[in-house]
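Colleague: Please take these sequences and the hints and turn them into a complete structure.
What follows is the residue order along each chain.
2 protein chains.
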Amino acid sequence: MTQKKPITVAITGAAGNIAYSLIFRICSGELFGNDQPFNLSLIDIEPALPALEGLVMELQDSNFRLINKTICTTDPFEGFRDADYAILLGSYPRNKNQTRKDLLGKNVSIFKIQGKALSFVAKKTVKVVVVGNPVNTNALVTAKYAENIPKENIVALTRLDMNRSISQLSRKLNKNVSNIKNVFTWGNHSASQFVDLSNGYLLEGSKKTPLTELVEKEWTYGEFQTTNQTRGKAVILKRGRSSAGSAANAVIDLLKSWIYGTETYVSMGVISDNNPYNVPENLIFSFPCTCKNGSWKISKDLKPNDFCKKMIKKNVDELVSERNIAFGLLQD
Amino acid sequence: MTQKKPITVAITGAAGNIAYSLIFRICSGELFGNDQPFNLSLIDIEPALPALEGLVMELQDSNFRLINKTICTTDPFEGFRDADYAILLGSYPRNKNQTRKDLLGKNVSIFKIQGKALSFVAKKTVKVVVVGNPVNTNALVTAKYAENIPKENIVALTRLDMNRSISQLSRKLNKNVSNIKNVFTWGNHSASQFVDLSNGYLLEGSKKTPLTELVEKEWTYGEFQTTNQTRGKAVILKRGRSSAGSAANAVIDLLKSWIYGTETYVSMGVISDNNPYNVPENLIFSFPCTCKNGSWKISKDLKPNDFCKKMIKKNVDELVSERNIAFGLLQD
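Quick note, the sequences are listed as chains A and B, same order. The opening residue of the first sequence carries number 1 in UniProt numbering; numbering runs sequentially from there. The opening residue of the second sequence carries number 1 in UniProt numbering; numbering runs sequentially from there.
Keep in mind the hints are simulated off the structure, nothing from the lab. Any given hint might turn out to be false.
You can't tell identical chains apart in this list, so a pair holds if it fits in one copy or across any two.
Claimed, not checked - Simulated pairs of lysine-lysine, DSS-like, Cα-Cα distance not exceeding 27 Å:
1) K112 <-> K181
2) K144 <-> K123
3) K292 <-> K106
4) K172 <-> K5
Keep in mind the model is a prediction, meaning the values are calculated, not measured.
Modeller: The following block contains the structure:
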């Protein structure tokens, strides 16, 4: 058997909790396949380096045969070298007394450098998943500075929002998650996000029942939305820690969809282009996408109702405002 | 396609860190297969129930289609009901000012109840993996009270010790972990453990080179042993937290070996029977085992050298002493 050539997977915030949940699953071969060796490039800030070395010791002690080489670094220009995949988990965390502008300011400078580094040293075909919040604008800043990388290659994680909505519907309908299709979120990964189930259906055998026939309108536009918006906080209240395992899982789900394709809609935060939903160009926006041969495509044949259009508009406004602040700061 | 009947997987200490690393990997289908649905039975102490509920929320939000039903409970008589697999992660942690007797005392009472519960409510064919320390004696106590369960079904995790030794050899020889075969640990999962590489070899293509030809004797009986013994502490020093991810990984490795079989020796802490190594009966002792059709077998054709025999004796003495303390406490 000829061995496949190793691919390179770079991860920022690699000493953090999401990374700890993500990396062991990647190393098990679950994402890239049991015959695909890889180089791991683990990136984090200086104070996190000891923890990162501890993680590397644990990866060694897990006897993962697919790991070809591992490096730890604080320098994205070293860490992203020849990357086939870059998973950007790290970001500047929100503090209590911080304005949105302060938060954006801290993150803009991180993702500007990372965008430049990706542009200079990563493969031109690199697939980039941005996870650190505010994720849509962080991804947009990355795309802006990653001049040599097609903007299509940079995707913001909104899959956890979609997964949470399917999780809710699964409990509401008492059906397996795998029976619920074509539910997704529009817009920003923030409290403004809008979950759209108007195209969704319950699949049982070959029978498709529209979700709108199965759940009440009041619930759809009320509790369903607010539960999704506040799910992250609800997990923190119970666990005392943020939802690392399910976030890592959403990264894997997103990449599986992107790499291996999907037959139904999935949520992906992608660069907006000419689209029938009045989302202006040059935003990273969560759209219903389908994937094939390693590329995503925005589904353009949906007919959002008036309420949905209003929510899309709200998300556009919010993201334009974030973009204006972020790009303004970049000129300072 | 006919769907497989769900199996039941019970996990104690389910709100802890090893569980958090383990459960997502199990739920991904990695261990029991992509077509094997399961019930999750999550067991922990009362104060951990909120965290456990948070974990369940995250599992829901991960859209794991293989999960059939999940329960959270503090009661092993509920938690182990109909279990096909029981993974006992929870134990009473070691405190600084605690004697070995105190520590054993706390744990003996936990594993006595769990043994009884397994005996009463689990499937007779249940496979039990004990992870909580002191793991050998905890497993022995479990076996003693699980009267209806064959003692062969209860195994103590010593796989992490084996994995760590292969990890060391991999770095020493600059070879992939998968090239290193038949290295294992004897005895107790404690500082007395002895890593035996005298039967090990480096496999390259079809060429087998004995490890004894590749590493120095001094290293084999010196640094190699001490590094393995202190590896857990070394990880804690770097990470500031104990090695949860690699411990969870070792549980998966052990169960894969046990369920799917193995062609070379693996470390398993199993009930001692008539064996040529002078290990008396009625101890849970790490032996070199091979597995086939869901059963393990101690490899009985090895020829330990004098030093190894001395180390086996040391481990026997330590475990007999632990057993005497533990069983003495059980009579109180």
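Colleague: Give the relationship of K172 and K5 under a CA distance limit of 27 Å: within one copy only, between copies only, both, or neither.
Modeller: Between copies only: 24 Å across, 46 Å inside.
Colleague: Are the CA atoms of K292 and K106 at most 27 Å apart within a copy, between copies, both, or neither?
Modeller: neither (36 Å within a copy, 56 Å between copies)
Colleague: From the Cα coordinates, with 27 Å as the cut-off, is the pair K144 and K123 best called within, between, both, or neither?
Modeller: Intra 17 Å, inter 59 Å, cutoff 27 Å: intra-copy only.
Colleague: Within, between, both or neither: how does the pair K112, K181 come out at a Cα-Cα threshold of 27 Å?
Modeller: neither (36 Å within a copy, 47 Å between copies)
Violated hints, in rising order: 1, 3; the structure is consistent with all others.
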